[in-house]
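Throw the hints in and build the complete structure from the sequences for me.
2 protein chains.
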Amino acid sequence: MKPAEGRQRVVIEDVRPQVDSGRFPAKRVVGERFVVTAAVFGDGHDVVAARLVYRKQGERAWRSEPMLPLGNDIWSGSFVVESEGSYQYSVEGWVDDFATWLRDFKKRSDAGQDLSLAWQSGALLVEKASRRAKKGDAKRLREAMVEFRARGESREPSGEASQGVPAADVIALMERCPDLRFGSRYKPDLELEVDRERAGFSAWYELFPRSTSPVEGRHGTFKDAEAWLPYIAGMGFDVLYLPPIHPIGTSFRKGPNNAVEAAPGDPGSPWAIGSAEGGHTAIHPELGTLKDFHHLVAKAKEAGMEIALDIAFQCSPDHPWVSEHPAWFRHRPDGSIQYAENPPKKYQDIYPLDFESEEWRSLWDELRDVFLYWAQQGVSIFRVDNPHTKAFAFWEWVIPEVKKHAPDAVFLAEAFTRPHVMYGLAKRGFSQSYTYFTWRTGKEELMEYFTELSQTEVKEFFRPNVWPNTPDILHESLQNGGRASFMFRVILAATLSPNYGIYGPAYELGEQVPIREGSEEYLHSEKYQLRSWDREAPHSIAPLIARLNQIRRSNAALRNLTSLRFHGTDNEFLICYSKRSDDGKNVLLMVVNLDPLRTQSGWTQLDLKELGVAEQGSFTVRDLLHEAEYVWSGARNYIELAPGSKPAHIFELVSWNAEEAEQPGSDQQRSKYDD
Amino acid sequence: MKPAEGRQRVVIEDVRPQVDSGRFPAKRVVGERFVVTAAVFGDGHDVVAARLVYRKQGERAWRSEPMLPLGNDIWSGSFVVESEGSYQYSVEGWVDDFATWLRDFKKRSDAGQDLSLAWQSGALLVEKASRRAKKGDAKRLREAMVEFRARGESREPSGEASQGVPAADVIALMERCPDLRFGSRYKPDLELEVDRERAGFSAWYELFPRSTSPVEGRHGTFKDAEAWLPYIAGMGFDVLYLPPIHPIGTSFRKGPNNAVEAAPGDPGSPWAIGSAEGGHTAIHPELGTLKDFHHLVAKAKEAGMEIALDIAFQCSPDHPWVSEHPAWFRHRPDGSIQYAENPPKKYQDIYPLDFESEEWRSLWDELRDVFLYWAQQGVSIFRVDNPHTKAFAFWEWVIPEVKKHAPDAVFLAEAFTRPHVMYGLAKRGFSQSYTYFTWRTGKEELMEYFTELSQTEVKEFFRPNVWPNTPDILHESLQNGGRASFMFRVILAATLSPNYGIYGPAYELGEQVPIREGSEEYLHSEKYQLRSWDREAPHSIAPLIARLNQIRRSNAALRNLTSLRFHGTDNEFLICYSKRSDDGKNVLLMVVNLDPLRTQSGWTQLDLKELGVAEQGSFTVRDLLHEAEYVWSGARNYIELAPGSKPAHIFELVSWNAEEAEQPGSDQQRSKYDD
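Protein sequence lines, in the order shown, are assigned to chains A and B.
Here our numbering is used: the first residue of the first sequence is 1, the next is one more, and so on.
Here our numbering is used: the first residue of the second sequence is 1, the next is one more, and so on.
Derived from the structure by calculation, the hints contain no laboratory data.
One or more hints might be untrue.
A pair counts as met if it fits within one copy or between any two copies, since identical chains are not told apart.
Straight-line alpha carbon distances no greater than 25 Å define the calculated DSS-like cross-link-like pairs of lysine-lysine that follow [claimed, not checked]:
#1 Lys139 to Lys187
#2 Lys404 to Lys2
#3 Lys139 to Lys2
#4 Lys223 to Lys299
#5 Lys106 to Lys345
#6 Lys106 to Lys346
#7 Lys291 to Lys585
#8 Lys2 to Lys56
So, in structure tokens, the structure goes:
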């Protein structure tokens, strides 16, 4: 069957970004420039034109931005996203008769051919455009038409009255009045999800409030936690993340160091959620009241921080849901409820929810309501525990549902599992995701992983949030690397990724003893017992962390992930990478010593083009960590880094001759009317 | 809004092949194994299962083949395509409760845990399956259920009566009765276009019938061309391609060597189609009658060859369409019809068709009817001239339209233009496409280009047909390389690509003089004048070509493109590559000297794994071009090739120790029930 209109001669393909053929939205944060590219081409030799069209959810009219050719039939256009929410975008293309005419006109003119027929063809195009144009434009175009005709009717020999070129303002007007009758549009419309800026740039600090009491052995409270706010804000963090704050079950409660049986008075794991005192919307009485919680939220806000809650959808056997909604759990042939298992291991203190429940609809509603309840209490950041053990379809539904009511909600996925699963969750709406960073310690594996995260299509939907430690993961390199390893790992985290976090105070105080050799579990883990921390300890690396967060705030280069580029060094322990701000004005160059035990030295092999530095001449770099300046020249420069005292350079380029070659993106400045 | 069914816990992504998100079909030929991969995974730790589903157009029921995991959540399944036509395919995935149960059962059993509850859970699964199963299977499953229950009810202490494993036949039965209630299916269904084998494996010979007369200066006829059939078939070609055979216009007819004015008696260009004697469905009277054409088609068939016609949708000013359908052409402001132009160049002998015509519908119908007319005359291969100057939408419509009536139609796109345009035409249905091979002469550029064609997604829709020369392109390397360059270029063409062709007899006779220095046009081109050829000339490389085509026919390795792998050599003029048959039994290794002037020698750096050869031990290679055998060992072997006498090796591996490591594809043999 023939198409309704067979004269749409322009093809639009390969529109990017595009996540799973448009099945999922791309992601950006407010203020970012959203760049769209597409292959746009037609048959034959006519000039084509293209534009990016977009609108925000709820808008009826489409806005448009011109697209310009980058070469090889690829076109690019962009706009700055103004506010959070969903956008749609697509690309339109059409044969540009006037541009074709103008190109051929110039060639004919250069060859000294008679132009009278050409002027007449041009007059027809201008006349048609005058009918499409707005009033004022139409008048000017009609004048141009008359002029074109006059030149076309001149019967003088070639090279005389028919010479000349159309006026620049007429060319510009014609560009503004494209003939879209046979225009093509890419199908389907694609989606863009825009989050607030914090979703893309954040520094997290994880704190167990129950360990914040000034009196050792006493259960800490929200009130006690408030006393920590100046310290945490002073280090420059902007998200304070609390493990679950709900009542803790007593059935099968775990004792210190994950002991199978708890002694009386053992506090249990905050992840064994629910008791007679309530479930996911209740507060553990020993932490305080809802009012205390509101107070903490308000105080944190005053200190420039948001509270993030841990949402762990699982239940202790004492959770109210167990008796109120038995259908939400799986039952064994003997009628008992199926506890969590990884045979032969049994986790009898945890009942997973059954996402194949007959009553999945009411389960989904209840889980959504947990988010909404906390959103009403002033929480808009949710760290979701093990989302990969809940149905993907649930996340795809619940995240937009929550955002309907709480548009500024941010979701961090705590899924440490296989890549497809982690990326699958991110596609379905998680704003940020934990990563493999915790286990990537070698130079090659760091470069490979962060290249995947920042340079492949993964960057369109997966926002890494990198953690050198968590309450579950004390990596071997921290166990054995001493204070120096805590220093360089947090430097990597804070500069490789715009989103990062630490589980403190274990981190800044260098807590490094595992429960046993070969384990990543902490000895005396806060997951199972109260701890008391001396935040004034002299060995604390809090000052380094404070400086890092200061550098992050004052250098726009560290706000994005996609400008990350690795540079060479001739030493396997020296990793070197750069970032630049969107406007190219702020350029940082990091060199980190990955060896916690020995001083390492070597030579850089800088990609000067990526840095925007001219091949010739010198440039000045200022070390923001150590307040020193160096004058460098060329790609090879000497580096020496000592663990502990000088684990890394964070260089700002402060004076340099800009490279004369094209800047990235400058192609876009070219007009489509250029040859 | 919630989905209709929220319990579909398996995600299916990244189904491949997939051309432009399923907008266009993938392509295969009859007899090929069609392999589909997909990412398939679920939440949590349950075992998932997947299958490939497919059906041929017109079939109601879907067939299925099991998919098996390749690792990293990627699954693979396949089927052999039986007949030409359109297929649909998709992937289904589901949580496999029984496989999950069996995995956990084994772990519990290994740990010596009590299994009574496990047997009871298993009994429930077997019981449910018995309700889904066919009669005979159901009976066995009910028996198994009874046995499972009995074991589950045994109250003896762990490790006694409850031990044992389910019977193998029960496991197999359970695999045959999957529980698909909450199964997922990839959307949308994807398409596969299956052509006959010739679309994927062909050797073309282009011949101007008017130059086949035994009498020099006399216009050749179809009858004369018949006398050439034994010669061409003797060289092993299976497609005889004729330039347009239609009446040639007289207005603005071009003379020899593209002279602007023809002298009386000059035959003109066959591409200036149409005169008072007819257009695209007429035969140029000097070639013969329709009956003569039928006779030629039949004789060619007897000789094992098909006739391919050149379909060039453009008109001489004398074409009947010009007066009958003036609306199909573009008009200039002075009322005249727009001839072809590339300003300042004018091609006044050619009127292009206007695909923006108001009457595009009747134009499309008429052009379709041209194909159908020739299909009725026994032609099923069409070489389409400059398809990129006609609307893409037209091709997307017309090719399936023609195939409806002539399912064995094969279309070769003659578009020498930008990559997106060439690939865009292939996606819209062209069975084969001309390539840049003609201009790729260096080792690196050949390797890069053929890697793109054979290893990237391009292979799914673009079937290269590579030509060392055409009537329009006498490449500089042939002009300057002498006979040796004609030899190695055709060896490359015939062994790199399953589809190739030559424009003869200019090729085998080494026609190498351009119209002027720097031009790719032939001097005394057959496009504008009659030629006479001495096919018995002693310098002819016809014997080499005959041997090449013989090797192609008897070595299945040369039938596919995707097994192409390049191997290293330490000499920039020695290019080395291998191909293997789908079953891995036929392995060829080519080494070609790209220097037409000097003997080149060097050492190979073979990828033994790709060849399927063990690292240790020796292997024998037989040179099919020179009937010699060599015993080689390891990756490094000495090569010496002399232009003219021994321009290349085409080695067949005749005896070798198969590599012990995994064969490509052997992963697929793994059962999903393996750990």
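In rising order, the numbers of the hints this structure does not comply with: Numbers 1, 3 and 7, in rising order.
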